[in-house]
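Novice: Residues per chain, in single letters:
2 protein chains.
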Amino acid sequence: MLVVSMGELLVEIMRERVDEPLGVAGTFVGPFPSGAPAIFIDTVARLGIPCGFIGSVGKDDFGRLIVKRLKEDGVDTTHIQLLPDCTTGVAFVAYSGDGTRKFIYHISRAASGKISDGQFDSSYLSKVKYLHIMGSSLSVNEAWRKACYKAAEIVKESGGKISFDPNLRPELLDIGKIREISEPILSSCEIVLPSGEEARMLTGIEDADRASQRLLEYGPSIVALKRGREGSWIYTKKDKLKAPSFSVEEIDPTGAGDCFDAGFIVGILQGWPLEKVARFANAVGALAVTKKGPMEGAPSLREVEEMLRKKGGEK
Amino acid sequence: MLVVSMGELLVEIMRERVDEPLGVAGTFVGPFPSGAPAIFIDTVARLGIPCGFIGSVGKDDFGRLIVKRLKEDGVDTTHIQLLPDCTTGVAFVAYSGDGTRKFIYHISRAASGKISDGQFDSSYLSKVKYLHIMGSSLSVNEAWRKACYKAAEIVKESGGKISFDPNLRPELLDIGKIREISEPILSSCEIVLPSGEEARMLTGIEDADRASQRLLEYGPSIVALKRGREGSWIYTKKDKLKAPSFSVEEIDPTGAGDCFDAGFIVGILQGWPLEKVARFANAVGALAVTKKGPMEGAPSLREVEEMLRKKGGEK
Chain A
642 MLVVSMGELL
652 VEIMRERVDE
662 PLGVAGTFVG
672 PFPSGAPAIF
682 IDTVARLGIP
692 CGFIGSVGKD
702 DFGRLIVKRL
712 KEDGVDTTHI
722 QLLPDCTTGV
732 AFVAYSGDGT
742 RKFIYHISRA
752 ASGKISDGQF
762 DSSYLSKVKY
772 LHIMGSSLSV
782 NEAWRKACYK
792 AAEIVKESGG
802 KISFDPNLRP
812 ELLDIGKIRE
822 ISEPILSSCE
832 IVLPSGEEAR
842 MLTGIEDADR
852 ASQRLLEYGP
862 SIVALKRGRE
872 GSWIYTKKDK
882 LKAPSFSVEE
892 IDPTGAGDCF
902 DAGFIVGILQ
912 GWPLEKVARF
922 ANAVGALAVT
932 KKGPMEGAPS
942 LREVEEMLRK
952 KGGEK
Chain B
642 MLVVSMGELL
652 VEIMRERVDE
662 PLGVAGTFVG
672 PFPSGAPAIF
682 IDTVARLGIP
692 CGFIGSVGKD
702 DFGRLIVKRL
712 KEDGVDTTHI
722 QLLPDCTTGV
732 AFVAYSGDGT
742 RKFIYHISRA
752 ASGKISDGQF
762 DSSYLSKVKY
772 LHIMGSSLSV
782 NEAWRKACYK
792 AAEIVKESGG
802 KISFDPNLRP
812 ELLDIGKIRE
822 ISEPILSSCE
832 IVLPSGEEAR
842 MLTGIEDADR
852 ASQRLLEYGP
862 SIVALKRGRE
872 GSWIYTKKDK
882 LKAPSFSVEE
892 IDPTGAGDCF
902 DAGFIVGILQ
912 GWPLEKVARF
922 ANAVGALAVT
932 KKGPMEGAPS
942 LREVEEMLRK
952 KGGEK
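Protein chains in written order, with our numbering: chain A, 642 to 956; chain B, 642 to 956.
Take these hints with a grain of salt, some might be off.
Stated by the list, open to error - Chain B residues, not near chain A, derived (Cβ > 12 Å throughout):
#1 Val652
#2 Ala751
#3 Glu871
#4 Trp874
To be verified - Calculated lysine to aspartate or glutamate pairs in the DMTMM-like style (CA-CA distance at most 20 Å, straight line):
#5 A/Lys743 - B/Glu661
#6 A/Lys932 - A/Glu944
#7 B/Lys933 - B/Glu944
#8 A/Lys818 - A/Glu838
#9 B/Lys881 - B/Glu916
#10 A/Lys743 - B/Asp702
#11 B/Lys883 - B/Asp848
#12 B/Lys932 - B/Glu890
#13 B/Lys700 - A/Glu831
#14 A/Lys802 - A/Glu824
#15 B/Lys709 - A/Glu812
#16 B/Lys933 - B/Asp717
#17 B/Lys802 - B/Glu824
#18 A/Lys770 - A/Glu831
#19 A/Lys932 - A/Asp714
#20 A/Lys818 - A/Glu847
#21 B/Lys743 - A/Asp702
#22 B/Lys917 - B/Glu871
#23 A/Lys787 - A/Glu798
#24 B/Lys700 - A/Asp815
#25 A/Lys951 - A/Glu916
#26 A/Lys933 - A/Glu944
#27 A/Lys709 - B/Glu661
#28 A/Lys818 - B/Glu661
#29 A/Lys881 - A/Glu847
#30 B/Lys818 - B/Asp850
#31 B/Lys818 - A/Asp726
#32 B/Lys881 - B/Glu831
#33 B/Lys743 - A/Asp726
#34 A/Lys700 - B/Glu812
#35 B/Lys791 - B/Asp815
#36 A/Lys700 - B/Asp815
As the list claims (entries may be wrong) - These stretches of chain B come out as covered by chain A in the derived footprint (C-beta under 8 Å, 3 or more residues):
#37 658-666
#38 737-749
Everything labelled a hint here was simulated from the structure, so no lab data went into it.
Ideal Cβ placement from N, Cα and C applies to all residues, glycine included.
Start from the sequences and build out the full structure, keeping to the hints where you can.
Specialist: Structure, rendered in structure tokens:
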């Protein structure tokens, strides 16, 4: 495995229409395979890189759907456990017309929240080039937090690197706690991929540009600031570069950041210059929003190459 | 409170169409307030009898929906706890063309599975005429099983009576276990309300009629055998009577048995002769299947009286 990720596996059940609240009878669509680290790893696989996942599902139709999907896309699923006594995690999502989302989760006490010590080891992780950690996984529960820290240690000791998407939600955890649980990964990672809000949260600096610069002092060699429709800005100790976005018709923004992460790590593994890496990642993120469902828009390598050929990164 | 019930509170998320399996993306409708004991108590309230419920929901839109619904229909909800750290229970349901159903549950580890010792006491239960226990609640987890046993003891000691619907599922628990956990309630209840399959399961007697006769020897004074479209048969030590059903257009059979239970207990509390009680309960159960959603068809007293007036119990 060149890339491994780990964390919560779940299905998403989403409102069919915007502005339909969760607490009244209405229509949902789903189940869609989801979980930020799962979206990440599925995209890595679709982009053609050997990769694997560590996580847990229930022995039910939702769990089988997730595992089947990851497997079919090329993810090694040998380290996903099927738990007969637990139910696969679920997230209900409602969208508002103003772009905000509301969730109801069955995650931390569901199969998604289970991780056992015996589930991963140095034999699985020792040849990994990048272990990708999601902030969301650090906040599932104590067991997952410890598992992520431990896996990161194993990978580092074996010469691999860590990438970190600090997708932690201030509405779920206070900022002090977010900084505390992020610190062990942030200080040991090679690449951090925050949104502007996340860069601000982690540093306490209002301006996202200055916050991203500051993040370099926390440990990582590369900061990839995700700016949504405005592309991405990439920071290193020596350099700062702005990669333009691609204009696409947005159907469902869920998962775009996770797909960007995947494109970025895949680009890094190709040894490309950072500018090419960022354009590639922007294209992956842009394609991700063109289909309904968190993982449905994860593009294949061919789709990304086609977009890069057609649009070349202009906007 | 004349009647109290207790147990799992949940919302049901159901497939919009038959023969749509749970493990592929499709359409769901919901959330609908549900849980067998909740359907029971909501119907008791709609039939005009003072009643209350003991249970737990999460502090989320699903939980608020359930509590609001019970409250609006007249159930005392002071003994339902809203748990900030848990998520309200959910059942996903898919229907097959042949009438079978398939479920995925988030119940035992969700808010639905929580019951604390301090949540009920003799001051709440001492004036109760009937405490209704559902087999499903005995199988949620150990905490609920103990709580049901304890509540039943309190009610009996205060001179109240127990009614019992042994709606336990052989696909979830083996028959030995079903008999074992049912025994303390079955032996102390006044009324048991089984389906034919449940009567067979509890007694080991193939013929539902003979099985129901036998159940009288286990403790209860009245056995109300639910025969679906064919009405109900009522057994006492002295008598057996057959109450005809009502023909209705079936939209959704979920909850019909729970509504029948409610009609039966309400009839008993009125002091009616058993024949009238059974016809009333049959009318309540029949009306329950005419609307989509587990609790949506629970009829008001006026609707039941109208059906009894129009159709008089003929079929």
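Novice: Given the hint that B/Lys791 pairs with B/Asp815, test it: the Cα-Cα distance must not exceed 20 Å.
Specialist: Not satisfied, since the Cα-Cα distance of roughly 24 Å exceeds 20 Å.
Novice: Given the hinted pair A/Lys743 and B/Asp702, is their alpha-carbon gap at most 20 Å?
Specialist: Status holds; Cα separation ~10 Å.
Novice: Under a C-beta cut-off of less than 8 Å, do 3 or more residues of the stretch 658-666 of chain B approach chain A closely enough to confirm the stated coverage?
Specialist: holds (count 5)
Novice: When you check the alpha-carbon spacing of A/Lys802 and A/Glu824, does it fall within 20 Å?
Specialist: holds (16 Å)
Novice: A/Lys932 and A/Asp714: Cα distance at most 20 Å?
Specialist: This hinted pair holds, its Cα atoms lying about 17 Å apart.
Novice: Verify the coverage statement for the stretch 737-749 of chain B against chain A, using a C-beta to C-beta distance below 8 Å and requiring 3 or more qualifying residues.
Specialist: holds (count 4)
Novice: Please check whether the beta-carbon of B/Trp874 is more than 12 Å away from every beta-carbon in chain A.
Specialist: holds (35 Å)
Novice: Please work out if A/Lys933 and A/Glu944 have their alpha carbons no farther apart than 20 Å.
Specialist: Distance of about 17 Å is within 20 Å: holds.
Novice: Could you grab the alpha-carbon distance between A/Lys818 and A/Glu847 and see if it respects the 20 Å cut-off?
Specialist: Satisfied, since the Cα-Cα distance of roughly 19 Å is no more than 20 Å.
Novice: A/Lys881 and A/Glu847 were given as a pair; does the straight-line alpha-carbon distance stay at or below 20 Å?
Specialist: holds (19 Å)
Novice: Under the criterion that the straight-line Cα-Cα distance not exceed 20 Å, is the pair A/Lys700, B/Glu812 satisfied?
Specialist: Holds: A/Lys700 and B/Glu812 sit about 15 Å apart, inside 20 Å.
Novice: B/Lys881 and B/Glu916: Cα distance at most 20 Å?
Specialist: With a Cα-Cα distance of about 10 Å, the restraint between B/Lys881 and B/Glu916 holds, given a limit of 20 Å.
Hint check: violations occur at hints 1, 2, 5, 13, 15, 16, 28, 30, 35; the rest are consistent with the structure.
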